Structures are given as structure tokens and as C-alpha cells.
Amino acid sequence: MSLAVTLSRAQEGVAAPQVMVEVHLSGGLPGTNIVGLPEAAVREARDRVRVAIQNTAFEYPNRRVTVNLAPAELPKDGGRFDLAIALGILAAGNQVPRERLDNCEFLGELALSGALRGVSGVLPALMRARARGRKVVVPRANAAEAALISDADVRVADSLAEVCGWLRGTQDLPTPAAAPANDEVAGDGPDLRDVRGQRHARRALEIAAAGGHHLLLVGPPGTGKTMLAERLPGILPPLSESEALETCAVLSVSGQPVEAGRWRRRPFRSPHHTASAVALVGGGSHPRPGEISLAHHGVLFLDELPEFTRHVLDVLREPLESGSIVISRAARQSTFPAQFQLVAAMNPCPCGYAGDPRERCRCTPDQVQRYRGRVSGPLLDRIDLCVDVPRQPLSELGATRGEHDEDSATVRARVLAARHHAMQRAGRSNAEISTRELERDCALGPTERTWFEAALERLGLSARAYHRTLRVARTIADLDGGAASLARVHLAEALQYRRF
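By UniProt numbering, the letter at position 258 of the sequence shown is numbered 258, and the numbering carries on one by one without gaps.
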């Protein structure tokens, strides 16, 4: 029989659909034809594979070779199918045993010498193959990613010759070295002990970390807004293994390296304000993840928020609610995860000194209004906490660390305790709980409800702001020892963070 089948996986967002590589050898004029919606890089595989097979001391069939990549309606791109195609051709020509291909998947691009080159999107493919209970052979260049999945049956190889030797039973392929099991998440990152003063802003940062809430820092230049934002990942809970793998999967499909010693750390992304909408949310003819997906399960920091164009900021509104982004193109549609925590910073006016006791503001009221109007109301409505970061007295900056200048480890312990209350109650952070869970977990007494509704009416807050304020109050209560019901003090503190 001149038919052989090998298995590989395509790349479609962070999904990795299975591709069946069917190879048939027939009579007729010698030639190779690849069908099944291949794009340019896949069509060119016929030349790479032919020369690689010849340079590996195997015989390329002097027959008509038809390669079908199924399912036919799924677009295939990149060099990830080279190894599977080469092995299918060799198996169809009885140069390697067909039965050894069963229950195995193959990923890798072939060099003309027969060497294997790394490909992107290996981690999602390994996660899918593990769920199906299959072995996977990947290039050694992808061994670091492959090592992150401890219970997957993965083999690494340097060349087509090594893979063929393994299939023939003449040699073994090594497994990747295990990734570090205990990664210190907060060890060498920026520490809150470096921030002097700013008690109100530090409190808001702690609440944001405990509940997973979005945060906006407003203050003059040089008051420590960026410094505070950079220290948020150090007080967040560590990533679980499944969350870390989801985060690394986004890096994998974007072609960025995964650092073995830092893979359990929450990402911190800080794009420049000149970034386009595509850079922020992802896109392209072959959709790739943007900054919001690269910040999945981490922090997206937007410094100088009003300097971003309004169109770019408004594309954040849907991902902030849904936790994902769907990118549609004429030929394909890709979904990327985008469950990030937004931290933004801005000046109070164009010159930056409105309300500053030491510097005189030179902006007119119209200039201030236009500056703040660059950030739309619907986007501000999705930000749970807004806090002033005023200029600190010089005496406080030079003073020794006080009792309120706690380090990240101390604050993180309180954050972990508050998150534990939320996980026991709802199984997720307070920022993610549904409206029904909110009614169950944020019950108000008659007196508190009357006072809270009157306060909302005076402030003119929306229905979304009503629910978001309750979520913040729930987080404050969790930091206060996990109180079962919300007191007026919790509601009052939550309301003071609704500036807009």
C-alpha cells in the first residue's frame, strides 16, 4: 500500500486544531502536489522536504506524490508541517514503519540539511495532544516550552535522521529537561518598600490586587504613579499552573520566548502611547495576539492615558468586560484570551500641575476639559478605582522607612488572605463575580442600602458603577477579615474611589 497518515497540528489563535497529513504515492510523471488549503510557506514545503530527505540519505520517491492536509477547509501556514510531511512520504515508501506513526504527532520545520528548526505555537499543540494521550515529537529549539507541561509525553530531536532512527527502533529520543518547579514569584521584582508616603495610593493598590480591580492613578509628573504600577505584580497572588500555561501559550503563538525560570510570574506589559489599535488588541492578515492578550492573567499598564488616541482606548472596552478578543478577517477568525488587570496613569491637566500646591497650573478650563475628554466616559466607567497621587513633601522622601511603608511581602500576605475569602465564597476574584453572585455575596441591610442608594443618586453613577462599587466594597470587607456583610464604612471607602 502506498498510503501513509501522520498527525500534526495547525495554529489558529491559541487553539491547535489537529491536521491529518495523508500521503499517497502513485504512478505517472514524478512530482509533488500539496492540497488542503495550504498557504505559500506550506506549498514550498515540497522543495524543503525533498532536499532534506535526500540529504538524510533516504530516497525520495520517483513517483507522483500527493499530500493532503485535512480538514481541507482549515487554512494551513508556516513550516510546522514539514516533519509530518517528510515522515508520511518515507512511510508511504516503506522506508520507516507505518505502525510507529500511530498515536504520535509531529511538529517542526526542516532545513535543507535535514536539521529541525523550531516553530511557534508549540505549547498549545502540546496541551491538545496531552488531552488526547498522544506522544509528540518537537525540535530541540522548542524543548524549553515543551518542558513546561510536566505530564506530557514529549520527545525532542535535532534532525529528521534522529526521528527516523527512533521510528525504526535503532535509537531513542530524549525528553525535555523539567522546568523549575518552585519559581519565586516576587523575589527580585520591584518592591513596595521603595515607595515613601502615598498611603492613600498604596491602599488603592492593595485593594486592586486583592480584588483584581482596574485602577487609575491621577497626579502631577514625578509623584510615583509609574513606580506604584510596576509594583502591583509583586503583591498579586502567584499564577496557578493552568493560568501560567495559558499565559505561556499566548507567548508561544506570538513567537516570543518563554523563560524557564520566570514562567510562573504574572506578565506586566507597558505599551507606549503611540501604539496602534492593532498593536494593543491584536490583528493582521494572520491574526496575532496584541498587548492585552500578552498581559493575560497579568497587568496592562497604560502610562499617559490621555496621550493614547481615543480610538485605541475605546477598543479596550469590550475586552475589559468579556476577558477575550475575537479578531475576524475574511479568511479566518481567531479568539485570544485577554483577562488582564488594567492600571492607567494620567496627569490632571496638559501641563500636569492642576491642584498642585507648589506649581502653578497654566492650563485654561477648556484645555483641561479637552484633555480629560480624550478618555471616554464608558471606558472610565469600567475602571473600579481612581485615586489621586499628590506630590509628597521632600522631608518624607528623605526620611527613614516608617510603619506605613510596608514591603511587598507584607502587603502580599494580606492580599492572599483576602483572595482566599473570595475563592472560598465564589471560586474567583471579586472583580469577576457575576451579578447574581454579587446579590448573594454583597447583601446590604436596610439602613446601608438606603444610605448607599442615596449616595449613588447624588453622585449620578450608572448601573455598571453601582455593581462595580459593590465589588470594591466586597474586596474591602475581605481585607477587613472577610466580613460576611458589607458595613457602611466599606461602602464609603469604595465610593471615594469613584472620581469620574
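Quick caveat, the hints were computed from the structure, so don't treat them as lab data. Take the hints with a grain of salt, since some may be wrong.
List of simulated lysine to any residue pairs, SDA-like, C-alpha gap at most 20 Å [claimed, not checked]:
(1) Lys-135 with Asp-191
(2) Lys-135 with Trp-166
(3) Lys-135 with Gln-171
Quick list of the computed label-pair ranges, beta carbon to beta carbon [claimed, not checked]:
(4) Ser-462 with Ser-485: 43 to 49 Å
(5) Arg-358 with Ser-276: 23 to 29 Å
(6) Glu-304 with Ser-462: 23 to 29 Å
Predicted model only: the values in this text are computed from it and were never measured. For each residue, glycine too, the CB sits at the ideal point set by N, CA and C.
Violating hint indices (sorted, rising): Those not satisfied are hints 1, 4, 5.
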